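**Q** Please build the complex by placing chain B on the supplied structure of chain A, with the hints as guidance.
Residue-level listing of the chains:
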Amino acid sequence: MKRREFIKNIGLVTGAGIATFSIAGIPVKAFARPFMNVQGTNGKILVIIQFKGGNDGLNTVIPLDQYSLYQTNRPTLAIPQSSIVSLTAATGLHSSLQPLKALFDSGKMTLVQNVGYPNQNRSHFRSTDIWLSASDYNQTLYDGWIGRYLPKAFPEYPSLPPLYPMAIQLGSVQSLLFENQQYGGLAISFQSPNSFYQLVQGSSVDNDPPPATLAGDELKFLKEVANQSIQYASIVRDTSSKGNHTSNYPANNTLAQQFNIIANLILGGLQTPVYLVTLDGFDTHADQQNAARHPKLLSDFAGAVTAFQTDLQDHNLADKVVVMTFSEFGRRVKENVSKGTDHGAALPIFVIGNNVQGGIIGQNAQLASNKLDGNGDIQFSYDFRQVYATMLKDHFGMTDTQLNQILLKQFSTLPLLKSSPTDVTDYNAIPDDYTLMQNYPNPFNPSTTIKYALPQSTEVRLKVYDMLGKNVATLVDSYQSAGSHTVQFNANGLASGTYFYALETRSQKIVKKMVLVK
Amino acid sequence: MSTLNYLKKISVWDADAARHILSRSLFGFTKDDVTFALTKTLDDFVDNYLLKDQPLPSSPTYNGTSWTTLPDNTTNQTNYTNWQYSLIYWWYNLMLNQGYSFREKMVLFLHNNFTSQYATVRIPQLMYIQNQLFRQNVFGNFKDLTKKVTIDPAMLIYLNGEQNSKGAPNENYARELMELFTLGIGNYTEDDIHNSARALTGWRVDRTNLTSSFIPNLFDNTNKTFLGKTGNWTYSDIVDIIFDSRDASNNPIAARFICNKLYKEFAYYQPNVDYINQLADVFVANNYNLKPVLSSMLKSQYFHSVDIRGARIKPPVEFLLSLMKQFGIPNVNNDILGYIRSQAGALQQILFDPPDVRGWQGQRKWISTITYPTRNAFTDNNINGYKISAATTLKVDILQYARSYSSSEDAIAFINDVTKQLIQFPISEMRKDELLSTLLDGAAVYDWNTYDSAAPARLQTFFKSLMRLPEFQLS
Chain A
1 MKRREFIKNI GLVTGAGIAT FSIAGIPVKA FARPFMNVQG TNGKILVIIQ
51 FKGGNDGLNT VIPLDQYSLY QTNRPTLAIP QSSIVSLTAA TGLHSSLQPL
101 KALFDSGKMT LVQNVGYPNQ NRSHFRSTDI WLSASDYNQT LYDGWIGRYL
151 PKAFPEYPSL PPLYPMAIQL GSVQSLLFEN QQYGGLAISF QSPNSFYQLV
201 QGSSVDNDPP PATLAGDELK FLKEVANQSI QYASIVRDTS SKGNHTSNYP
251 ANNTLAQQFN IIANLILGGL QTPVYLVTLD GFDTHADQQN AARHPKLLSD
301 FAGAVTAFQT DLQDHNLADK VVVMTFSEFG RRVKENVSKG TDHGAALPIF
351 VIGNNVQGGI IGQNAQLASN KLDGNGDIQF SYDFRQVYAT MLKDHFGMTD
401 TQLNQILLKQ FSTLPLLKSS PTDVTDYNAI PDDYTLMQNY PNPFNPSTTI
451 KYALPQSTEV RLKVYDMLGK NVATLVDSYQ SAGSHTVQFN ANGLASGTYF
501 YALETRSQKI VKKMVLVK
Chain B
1 MSTLNYLKKI SVWDADAARH ILSRSLFGFT KDDVTFALTK TLDDFVDNYL
51 LKDQPLPSSP TYNGTSWTTL PDNTTNQTNY TNWQYSLIYW WYNLMLNQGY
101 SFREKMVLFL HNNFTSQYAT VRIPQLMYIQ NQLFRQNVFG NFKDLTKKVT
151 IDPAMLIYLN GEQNSKGAPN ENYARELMEL FTLGIGNYTE DDIHNSARAL
201 TGWRVDRTNL TSSFIPNLFD NTNKTFLGKT GNWTYSDIVD IIFDSRDASN
251 NPIAARFICN KLYKEFAYYQ PNVDYINQLA DVFVANNYNL KPVLSSMLKS
301 QYFHSVDIRG ARIKPPVEFL LSLMKQFGIP NVNNDILGYI RSQAGALQQI
351 LFDPPDVRGW QGQRKWISTI TYPTRNAFTD NNINGYKISA ATTLKVDILQ
401 YARSYSSSED AIAFINDVTK QLIQFPISEM RKDELLSTLL DGAAVYDWNT
451 YDSAAPARLQ TFFKSLMRLP EFQLS
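Sequence lines, in order, name chains A and B.
As numbered in our numbering, residues 1 to 518 make up the first sequence, in order.
As numbered in our numbering, residues 1 to 475 make up the second sequence, in order.
One or more hints might be untrue.
[Stated by the list, open to error] Pairs of lysine to any residue, SDA-like flavour, derived with a Cα cap of 20 Å:
| id | chain 1 | residue 1 | chain 2 | residue 2 |
| --- | --- | --- | --- | --- |
| 1 | B | LYS365 | A | PHE221 |
| 2 | B | LYS365 | A | SER496 |
| 3 | B | LYS166 | A | ASP287 |
| 4 | A | LYS518 | A | SER496 |
I should point out that these hints are in silico values taken from the structure, not numbers from a laboratory.
These numbers come from a predicted model, not from an experiment.
One chain only, chain A, in its complex shape (with noise of 0.2 Å):
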């Protein structure tokens, strides 16, 4: 299996750092430019665990305020009042959440209730695929929310790749949350930085362009697939072993072991914005409270969690990253005959990180009978994609226009995170068309300031001209990056009047007026 040699491979090119290949039918020279773009993610990392199969979120976040009706519903698998984890005096954690304590005591977890989405769906594999492709109940989408995110952080994808993978997924099948539909998936998978790069040795690039059938749809797919293991598998391992350090992960923990992994690639200097673990076993449908099930998939998810907190914490890197949990639903609040809990609606999810605001956001559930919706399930109060629209805008620097283009609609956001980048839209972020701002100040003596922005990045030339069409002046002449610029011009040696600066592309060409005052 480590057989390290190198396959001829034919027709295949490994340059040194250059290789020519094509994503989605569009040959480019890939690393051609070092890009490192942190504008389209804030420089911001976002670790999202799935909790599969429907955590039973009332016994995950427990209604202190309500504990006789919770136990009345759940003679058998109601947490005994003394070993729940008070957070406040209406509001506890299950036992197995203990570790977490802490964390919410000083301020690094905010619990949002009651998460969900109307006419909540209670199929699996259908309320999953809401959650991933951010849909409405009765809307099939076949692309994630952070497939639809990515190429806005990364407006160069695919002409120019980032030099990191966009986003990672720790396991072995390909997330749907990462799905674009038109670029594909946007993720690579491992789940070991040296195996993945042991068994990607020796492979090379692939350009032959596939028929127009269906078979030559799945061909193009597979060559994708390659290429991106290919291009990304050195990077990986390379910035892993680079990170590459101990701390104190829990043993016997396998969501453990794959945040120290993720810590490895952060430590390494990995800038990928995006990564998913998952953890299975949540379809509680009985003896839900033994010790190996749901007690023990809390409590490796709170050991999990706050030994990769610390972690980032002692190396000055917490401020970087959030932690998000998710799950397809939560469960019934009435248990059934077998000691477990049957598909319900809303749930509680944890987001954790340093840029928290910390507490609780809304009310505990609700379970006294007329408020519980028709199933006997917990009614949401908060649409999921309000979370991943403050993911998008306050972690991640999204403006509004593009978040209403990742969600599909309009959706307010939390007061979840600190330091919400409020002043990206003008500075940061990556616009969506090209904008030349109005000079300033206007008129002015001798020198202005000149600001403008670029959707993409571009060869780009900024000039002035004076009233007759006479250029006196160039301010930029060169290959520009995405994002916003500044120039500042100064007019000694020109006469006072009116004069024309324009913003030159291949594309576009926008120009503006101001009035030199002497």
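**A** This is chain B only, laid out in the frame that chain A set:
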């Protein structure tokens, strides 16, 4: 308005058609298999070979001992991992030694429709019993099979049927029976789930005798309204009502759902609705017997069209086992099967342990940035030689394999023949040129012969390159 008859039979039964049918219905095939198929007519080959009823195989053993009828108790449980592995190897052997029967692929299809996970069931005897139930009904009546599966001990454990009693029913099986096994989402209400769960109450598993039994006083012995019909329904009534269920235009919902799954598994993963509906009509007309449906599908023109040929990503177990068959690896012992089991795990297909109740989704879900290079490593290892244990090295005798082609001494003809045999996807001329230059490695084409001292090394590189191709992942 006339609709195209998708089930019209192909008019040409040639080597391309034979390779396509063999690749979709077996776990690998050889040149001789193609030759054999063409000695029969299409009808004869499909109906009297692929779909022929076969006697049930004898049960698996571990260390020479039969374990499948031993009770589930603490003494036996210490052996469960070994027994479960022996069960997997037993099935691998059936897949490898199935002759020209479509049976084992259909058993895998049924396993993936009526999923149960060993990780949850934890009793290999019951996984075996369920697997034989599929085999016994493999070309038979799907509706009857659905009834049998509903009270199958492994299924009762897996989806909590054995914990379902009147009073506060457990909905797990009721939901998945409709959503995943028979109707598909959107064809029932939450109330239908609650009410059918009540009709399914009362079944328990006897772990000593490895059977299930009905305990009347645990059964909800009252009227239930299910899919618009009211009565004191039992599990068997529930299945009947499911199969009688029609959509607003009076189309059979379950038949279409199952035929969609068959199409997805054996033809192409994105549905062709008209084709599927025509198959469903055959299914209903034959009272939910599978054989006529499979026969129509395998012979139909659309199944053989350029869109479908070579469009299926090989599932891991098929990918791994077919190599043994294609290259004629002698003596595929338990060491080799153990290695295949570990690789199948890395490629995300452990028999008896699908990832969740939906089963393996297949096609593109088989391929990720980690599984693709894992496939490459496996094919490389077969050519390079891979030492599994002190006694066993897995290695293709590449020279012998090459010389099994009558064209082995003519490089261009050889590449034509090899790619046709090993790759179902229509390979481009550019690819063939690339493969040719890999094979020749700088030598002139007229200098090629397998008796040259450099030939074995060149053949190794050639076959490794060929099997690393994305085209090789398709069938």
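**Q** Please go over all the hints and tell whether each is borne out by the structure.
**A** Outcome of the hint check:
This hinted pair checks out: LYS365 (chain B) and PHE221 (chain A) have alpha carbons roughly 11 Å apart, not beyond 20 Å. Under the criterion of a C-alpha separation no larger than 20 Å, the hint pairing LYS365 (chain B) with SER496 (chain A) is inconsistent with the structure, at around 67 Å. Using a Cα cut-off of 20 Å, the hinted pair LYS166 (chain B) and ASP287 (chain A) holds, with the two alpha carbons roughly 18 Å apart. A threshold of 20 Å between alpha carbons decides the hint, and for LYS518 (chain A) with SER496 (chain A) the separation of about 6 Å falls inside it, so the pair holds.
Of the numbered hints stated above, the single one contradicted by the structure is hint 2.
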